[in-house]
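As you go down the protein sequences, you meet chains A and B in turn.
Read the first sequence against the numbering used here and you will find it ends at 831, with the numbers running on by one and no gaps.
Read the second sequence against the numbering used here and you will find it ends at 831, with the numbers running on by one and no gaps.
Treat the hints as calculated values from the structure; they're not laboratory data.
Cβ atoms here follow ideal geometry from the backbone N, Cα and C, with glycine treated the same way.
There may be inaccurate statements among the hints.
Here are a few chain B residues that sit away from chain A, every Cβ distance over 10 Å (derived from the structure) [as the list claims (entries may be wrong)]:
hint	residue
1	286
2	288
3	351
4	398
5	464
6	488
7	516
8	580
9	662
10	678
11	685
12	698
13	700
14	738
15	770
Partial selection, computed: residues in chain B whose CB lies under 10 Å from chain A [unchecked claim]:
hint	residue
16	315
17	646
18	677
There are 2 protein chains.
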Amino acid sequence: MNDNIYDQHLDAAEANYQALSPLSYLQRAAFVYPHRAAVIHGDVRRNWAEIYRRCKQLASALRKRGIGKGDTVSLMAPNLPEHFEAHFGVPMCGAVLNSINTRLDAPVVAFILQHAETKLLIVDREMSAVVKKALHMLAKPPVVVDIDDPAFDGGELLGALNYEQLLAEGDEDDAWSGPANEWDAITLNYTSGTTGDPKGVVYHHRGAYLNAASNALSWGMTADATYLWTLPMFHCNGWCFPWTMAAIGGASVCLRHVRGEDIVQLIVAEKVDHLCGAPIVLSLIAGVDESLRAGLDHSVKVMTAGAPPPPSVLEKMEAINFDVTHVYGLTETYGPCVVCCWKDEWQDLSVGERARLKARQGVQVPMQEGMMVADPESLQPVEQDGETIGEIFLRGNIVMKGYLKNPSTTDASFAGGWLHTGDLAVWHEDGYVEIKDRSKDIIISGGENISSIEVEETLFRHPDIEDAAVVAKPDDKWGEIPCAFIKLVEGVQVDEQEIIAYCRQNMAHFKAPKQVIFATLPRTSTGKVQKFKLRQWAKDGAADPEDVSG
Amino acid sequence: MNDNIYDQHLDAAEANYQALSPLSYLQRAAFVYPHRAAVIHGDVRRNWAEIYRRCKQLASALRKRGIGKGDTVSLMAPNLPEHFEAHFGVPMCGAVLNSINTRLDAPVVAFILQHAETKLLIVDREMSAVVKKALHMLAKPPVVVDIDDPAFDGGELLGALNYEQLLAEGDEDDAWSGPANEWDAITLNYTSGTTGDPKGVVYHHRGAYLNAASNALSWGMTADATYLWTLPMFHCNGWCFPWTMAAIGGASVCLRHVRGEDIVQLIVAEKVDHLCGAPIVLSLIAGVDESLRAGLDHSVKVMTAGAPPPPSVLEKMEAINFDVTHVYGLTETYGPCVVCCWKDEWQDLSVGERARLKARQGVQVPMQEGMMVADPESLQPVEQDGETIGEIFLRGNIVMKGYLKNPSTTDASFAGGWLHTGDLAVWHEDGYVEIKDRSKDIIISGGENISSIEVEETLFRHPDIEDAAVVAKPDDKWGEIPCAFIKLVEGVQVDEQEIIAYCRQNMAHFKAPKQVIFATLPRTSTGKVQKFKLRQWAKDGAADPEDVSG
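Using the sequences and the accompanying hints, generate a full structural model.
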């Protein structure tokens, strides 16, 4: 018998234990802030009481159609109120929400619907052409429910009913309950890898609950926050921000298209004070005509990931009172789980120095337990010297449940008790990580590691270069050599030798590209350069740039 | 076999699951903010790296002395750095921290040390007289370690070694680990009940982790927060704020004695922006001479519990830029788990109206799942009409593990799946609760419930009354009648009949006291009126007021 006095008659009971779930946040927001704005979309303005009612209806309607635990409900739509509601209504019936990247093409969408065994698909008219094609590819297509947004013209209705009709089938008084187990799945997000079939990343209620809170803690968000949806909700469930907004009881401003003028207009009109997005969102805002920023007299907090914000953009953003936080994460970590925590003592540095510090990915967020930069094989942490390159490893409660129906990849990515990110970084003396490359993008030439990102950064500083990517090309003598793909600014003329000479002047000679190919770069639907295509192109020496940009 | 695709090969692993524990917060604070001030006490100023190092030393030293899982380390001290460190160092060795109310007398302290099976006791010189007596009452006294604060004169050293010597026995490089199970006990807090032996409330790592985060979420605290320790750390582990400060990486300013001038001086000198405390702390601050507030030009957030802040105090606090939040909780709920969330739309109301709204206890905090006002027997929720009285029930993850070695009381307090608070309240239409009485303090006269708090509030508005308490007195005709105990302002003369007449003019006649006794009220060490003594006094009709104030 255990003689620990603290283990005797002190078990979990109904009064003192409840599975962690972000659904609790919705229930509380509706209770505490029933009349406060929750979701705003054009003329549509719903408070938390209404959102909760509609989510209960959605859950009830899904249950009536036989959907429940273990089932997948997919959704393909821009950042609309229905998309927000699905983050609650779907798991409230026990099912798993699969929000699909709206930029994917029909074969990939078909693959996802089949792999996820989707029972019901909610789709916006704007995505109808792709979805229609995808549905034709399926032997057993799911039930289709249309979002019929009056604020949008175009596309077609594909389903037997629309979203409002589905809600009407539900009864808001139907009882619902949170998950029996906080480890139960809540959502499924397919990674848009640069190669191969997408992998289905499964999130659970516990992680979603914790990351939602961690977002608010990182950012010091309070109930009066107004959040603009510039980050796609299909992207790691909008970094878990639908649940964060419920946790604090703040307002979400929807946005169908990410356009600079619309963004600024909504920031002014709705007094938006928080938004997230890729660096392109910052550039769009910075690029809006000054006259449109009239009335923008409050400060706005911005979280950005994907690439470090360049100094020029940072400077412009600061000038208009935007406070930028750089974050880093993966689909596998519910979005950002590393944040470049800003320190007061950095505030007085020059803009260049601040940008250099801000370009670093940072440290683990409050609720992520472990982060390290380590040798990919031995998992021995590297020196915190800002020079030694290793792989970023993460662990803790903000790490996915695993890949759906893919145990070998799940095991491989968790090998050694850490999530292998595949991102190569240095670890600075102050504990901040700074990404240098994707592990498969490193170039090993004559035994020396060359960071393709470093070469690209040098190329980007050349005034005549509009776009650039560098990959490894097999080489008999060196093993690999850096091969640069470059798109020039329209109208200029620069040749291969000039580019190489420029690089040799600006970096270690061994790092300079030994070959330059002029082409338009092939990118994924989320804007990532498809380096596997470039590597193929470099290796094969194909003649036609169209072969790689198609 | 379970055919739920989301349950297959998606189990918890080292990479994606870690027991929730506030010890993670310390580790992260030391990693992210090593050079930022963590603890300030007079000339002592330690950053997070130092605090972490010292906590590791403490854990190591305790382990070397054979203390570990299932063991209790008690501590009796004011709000000193050592007290803060013990909140981490003790659980880091697997043991449970028992922080003892510094106002208790020797027999109660002896009872606690015996009941908790304390292996080691850390004690400050200021508490040495009481502790010395208590130790003499024990057959097997624990190892005693003295806190020898150079900033304090008086008392004596009781142990074989002091705290710094204990630390020196430890090795900061000794490995430590968080709890294997987040349900493991982290601390033990004895309730200072108004009657009977104190009960040992056990907290676990999961609840401490969540409430620490919930505090920061409720208050929108960020890393630049500076917190003044006006609330005793022995009180529900300072409402979990040692862990909150680690979660955000903020600074804690220690305070041995709660004195108005010291508080204001530290607020100015250290730019304190957050503090907690009983209403007396607000009165102390409001009462400080204006000249001492020179330089106090920033706003300060204050959390208060125990009694609603009166309008006059609120008005004074607002005038000097203090933003008061009213909260409610029990030792059993890790401190406050109900908060009077403030709404923008209330800001323009009159000060009286604002005080009335702020006097309500409020709604559950972000991480507490359930709250209701219900019938104590049937557990049926009462109407949200602001009139029907019921008992407050709470449930969720911010509820104790249970009472130590007291299964029957644990079961009784969790009966029906809810924590029974014993507090009687009305539930307002907007979901906010407002306490009317402790259940044992309600008076049932002629079948009508009379809230003793309501009668007391009426008495307190009489200009000649300094202190007042109302209890039930058995009565043949009415069952019970309200009996008032009153202390008059010095030098005034008012008789029983005048008091009764005043009450009848200002409230329903049946609620007015039928008897008035003039006396100094007996209070517990934490300032609660000992109503059981007053009830005895009312029943027995004892002649000497000293019988009740002793």
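Is the nearest Cβ of chain A still more than 10 Å from the Cβ of residue 398 of chain B? violated, 6 Å
Check the non-interface label on residue 488 of chain B: least C-beta distance to chain A beyond 10 Å or not. Given a closest Cβ separation of 8 Å, the condition is violated.
Is residue 662 of chain B truly not at the interface, in the sense that its beta carbon sits beyond 10 Å from all beta carbons of chain A? The claim stands: residue 662 of chain B keeps its Cβ more than 10 Å from every Cβ of chain A (closest is about 12 Å).
Should the label of residue 286 of chain B as a non-interface residue stand, given a Cβ cut-off of 10 Å to chain A? Given a closest Cβ separation of 6 Å, the condition is violated.
Min Cβ distance, residue 677 of chain B to chain A: is it shorter than 10 Å? holds, 5 Å
For the restraint on residue 315 of chain B, tell me whether the closest CB of chain A is nearer than 10 Å. holds, 8 Å
Minimum Cβ separation between residue 700 of chain B and chain A greater than 10 Å? violated, 5 Å
If we take the beta carbon of residue 770 of chain B, is the closest beta carbon in chain A still more than 10 Å away? The claim stands: residue 770 of chain B keeps its Cβ more than 10 Å from every Cβ of chain A (closest is about 41 Å).
Test the statement that residue 351 of chain B is away from the interface with chain A: the closest C-beta pair must be farther apart than 10 Å. violated, 3 Å
Decide, holds or violated, for the assertion that all CB atoms of chain A are farther than 10 Å from the CB of residue 516 of chain B. For residue 516 of chain B, whose nearest Cβ neighbour in chain A is about 20 Å away, the distance exceeds 10 Å, so it holds.
Take a quick look at residue 738 of chain B and tell me if its Cβ sits farther than 10 Å from every Cβ on chain A, holds or violated. The assertion about residue 738 of chain B holds, with a minimum of 26 Å to chain A.
Should the interface hint for residue 646 of chain B be scored as holding, given a Cβ-Cβ cut-off of 10 Å against chain A? holds, 9 Å
Violation of the numbered hints given earlier is confined to hints 1, 2, 3, 4, 5, 6, 10, 11, 12, 13; the remaining hints are satisfied by the structure.
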